[in-house]
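Asker: Chain order of the listed sequences is H and S.
Heads up, the final residue of the first sequence is numbered 177 in our numbering, and it's a clean run with no missing numbers.
Heads up, the final residue of the second sequence is numbered 1177 in our numbering, and it's a clean run with no missing numbers.
These are calculated hints, taken from the structure and not from any lab test.
All values derive from a computational prediction rather than experimental measurement.
Please note: incorrect hints may appear among the correct ones.
Some chain H residues well away from chain S (every beta-carbon gap over 12 Å; in silico) [said to hold, decoys possible]:
#, residue
1, Asp-37
2, Glu-83
3, Arg-121
4, Glu-124
5, Arg-126
6, Asp-146
7, Asp-154
8, Arg-166
With a straight-line cut-off of 20 Å between C-alpha atoms, the simulated EDC-like cross-links for lysine to aspartate or glutamate are [to be verified]:
#, chain 1, residue 1, chain 2, residue 2
9, S, Lys-1041, H, Glu-55
10, S, Lys-1050, H, Glu-55
11, S, Lys-1026, S, Asp-1154
12, S, Lys-1050, S, Asp-1035
13, H, Lys-50, H, Glu-127
14, S, Lys-1118, S, Asp-1037
15, H, Lys-50, H, Glu-136
16, S, Lys-1041, H, Glu-84
17, H, Lys-41, S, Asp-1035
18, S, Lys-1050, S, Glu-1127
19, H, Lys-50, S, Glu-1055
20, S, Lys-1114, S, Asp-1037
21, H, Lys-114, H, Asp-37
22, H, Lys-41, S, Glu-1055
23, H, Lys-50, H, Glu-84
24, H, Lys-26, H, Asp-154
25, S, Lys-1050, S, Glu-1025
26, H, Lys-41, H, Glu-55
Some residues of chain H that are not near chain S, with every Cβ distance over 10 Å (derived) [claimed, not checked]:
#, residue
27, Val-107
28, Lys-114
29, Ala-133
30, Pro-138
31, Leu-143
Note that CB positions come from ideal geometry on N, CA and C, so glycine has one too.
Protein chains: 2
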Amino acid sequence: MVIWITGLPSSGKTTLAQQLVILFEKNRIPCEHIDSDQIRKVFSNTGYSKSARNEHTKMVGYWASRLEHFGVVPIVSLISPYEESRNYARRACSDFFEIHLTTALTVCESRDPKGLYKKARNGEIREFTGISAPYEAPTNAELELDTGTLSICDSTRLIVNHLNTRSGKYLWNSCLK
Amino acid sequence: MVIWITGLPSSGKTTLAQQLVILFEKNRIPCEHIDSDQIRKVFSNTGYSKSARNEHTKMVGYWASRLEHFGVVPIVSLISPYEESRNYARRACSDFFEIHLTTALTVCESRDPKGLYKKARNGEIREFTGISAPYEAPTNAELELDTGTLSICDSTRLIVNHLNTRSGKYLWNSCLK
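The following block holds chain H by itself, in its conformation from the complex (with noise of 0.2 Å):
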């Protein structure tokens, strides 16, 4: 399997990868946490234009179906904002999970850990998805989730509880730290 976490930014996706990997590893299911700010900075010549998101985002899905071929579980969060190349990856997985944050950008924008919505309303930061461009929303998620709304709690049970009806292999830690 590939759990795929996509969204605006600052909606969640790596922390609530966090909390998979944590689960996952007390289940001792091997998996790999693919987010986006550490593989920009392997990649760190790939650009913000459509083309070069495009890329990233098939990168990611190609190599993710490989390692879903030989029994790892990729974590994936990543924006992964064009829905062209997010379909790329369903399809190259054998059993792709999309988890669409659907967070308002109000909330997200307010969050701003690391300040770069204000860097992008100030022009300071181009082509910010949400902001300067586009995010694609998925229209076919496995599953949806408001983390504006939700715990970080309730939005890892919902995720696992998708996951327990999905698959029987699954066996879960509910208690989570």
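Starting from the known structure of chain H, fit chain S onto it as the hints suggest.
Answerer: For chain S alone, kept in the frame of chain H given last:
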């Protein structure tokens, strides 16, 4: 372990990688053949400039290291002409086994199964490694093989001997088809 085969176009990288895949599969060792042609089909927007090739090699090196982390042996057949990005791959991986096919340009060009050298000579293909783009030969490869004088079988045996010496983990079937 990561097996990384580098060399000029038509030096025999893919052929040798395919032999290794057969051997690994016979020995039930999970492996992933990461072949240039196949990867370029997926990432068709990747160009052939120095920076594009470096990014491409780096990408393969990074994801090979992640597969290695989960016990899969990536078998990479990639021209990977630049030292900088080959060294990135070496650093990213835990156990990097670089095989340099030292086969002479004249030999590679005389094979030319896809007619690419001919096109490069005619100027129909630009930035072609060995003709109009450089190949920075490795100075620290674990193994050098001249496929101009060694048969496929002999080359494979030499690789297998090296693998057996490096690691007691591998059991090999010496019978190659």
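Asker: All hints are to be evaluated individually against the structure, with a verdict given for each.
Answerer: How the hints compare with the structure:
Its beta-carbon lying about 15 Å from the closest one in chain S, Asp-37(H) satisfies the requirement of being farther than 12 Å from that chain. Against chain S, the non-interface label of Glu-83(H) holds: every CB pair exceeds 12 Å, the least being about 18 Å. Annotated as non-interface, Arg-121(H) keeps its C-beta farther than 12 Å from every C-beta of chain S; the closest such distance is 31 Å. Its beta-carbon lying about 26 Å from the closest one in chain S, Glu-124(H) satisfies the requirement of being farther than 12 Å from that chain.
The beta carbon of Arg-126(H) sits about 21 Å from the closest Cβ of chain S, which is more than 12 Å, so the claim that it is off the interface holds. Against chain S, the non-interface label of Asp-146(H) holds: every CB pair exceeds 12 Å, the least being about 32 Å. Taking the minimum C-beta to C-beta distance to chain S, about 31 Å, the non-interface status of Asp-154(H) holds against the 12 Å cut. Every Cβ of chain S is farther than 12 Å from the Cβ of Arg-166(H); the closest lies at roughly 22 Å, confirming the non-interface assignment.
A C-alpha spacing of about 13 Å is found between Lys-1041(S) and Glu-55(H), which places the hinted pair at or below 20 Å, so the restraint holds. Distance restraint check for Lys-1050(S) and Glu-55(H): the Cα-Cα separation of roughly 18 Å lies within the 20 Å cut-off, and the hinted pair is therefore satisfied. Proximity of Lys-1026(S) to Asp-1154(S) is assessed by CA-CA distance (about 19 Å); at most 20 Å being required, the pair is judged to hold. About 19 Å separates the Cα atoms of Lys-1050(S) and Asp-1035(S), which keeps this hinted pair within 20 Å; it holds.
Among the hinted pairs, Lys-50(H) with Glu-127(H) is consistent with the structure: their alpha-carbon atoms are about 9 Å apart, no more than 20 Å. Restraint check for Lys-1118(S) and Asp-1037(S): the C-alpha separation of about 18 Å stays at or below 20 Å, so the hint holds. The suggested pairing of Lys-50(H) with Glu-136(H) holds, with an alpha-carbon distance near 11 Å, which does not exceed 20 Å. Pair hint Lys-1041(S) plus Glu-84(H) holds up; C-alpha atoms about 17 Å apart against a cutoff of 20 Å.
For the suggested pair Lys-41(H) and Asp-1035(S), the alpha carbons sit about 25 Å apart, so the restraint of at most 20 Å is broken. Between Lys-1050(S) and Glu-1127(S) the alpha-carbon distance is near 9 Å, which keeps this suggested pair within the 20 Å criterion. A hinted pair counts as satisfied when its Cα atoms are at most 20 Å apart, and Lys-50(H) with Glu-1055(S) qualifies at roughly 18 Å. Pair hint Lys-1114(S) plus Asp-1037(S) holds up; C-alpha atoms about 12 Å apart against a cutoff of 20 Å.
At roughly 12 Å between alpha-carbon atoms, Lys-114(H) and Asp-37(H) fall within 20 Å of each other, so this suggested pair holds. Using a Cα cut-off of 20 Å, the hinted pair Lys-41(H) and Glu-1055(S) holds, with the two alpha carbons roughly 13 Å apart. Simply put, Lys-50(H) and Glu-84(H) have alpha-carbon atoms about 10 Å apart, close enough for the 20 Å limit, and the pair holds. For a cut-off of 20 Å, the pair hint linking Lys-26(H) to Asp-154(H) stands: about 19 Å separates their Cα positions.
Among the hinted pairs, Lys-1050(S) with Glu-1025(S) is inconsistent with the structure: their alpha-carbon atoms are about 35 Å apart, more than 20 Å. Between the alpha carbons of Lys-41(H) and Glu-55(H) the distance comes to roughly 16 Å, so the proposed pair stays at or under 20 Å and holds. Non-interface call for Val-107(H) relative to chain S: holds, since the shortest CB-CB distance, roughly 33 Å, exceeds 10 Å. Even its closest Cβ contact with chain S, about 24 Å, leaves Lys-114(H) beyond 10 Å, as expected for a residue assigned away from the interface.
The Cβ of Ala-133(H) sits about 19 Å from the closest Cβ of chain S, beyond the 10 Å cut-off, so the non-interface label holds. With a least CB separation of 22 Å from chain S, Pro-138(H) remains clear of the 10 Å interface cut-off, as annotated. The non-interface label for Leu-143(H) is consistent with chain S: the shortest C-beta to C-beta separation is roughly 26 Å, beyond 10 Å.
Figure legend: structure checked against the earlier numbered hints; hints not met, in rising order: 17, 25.
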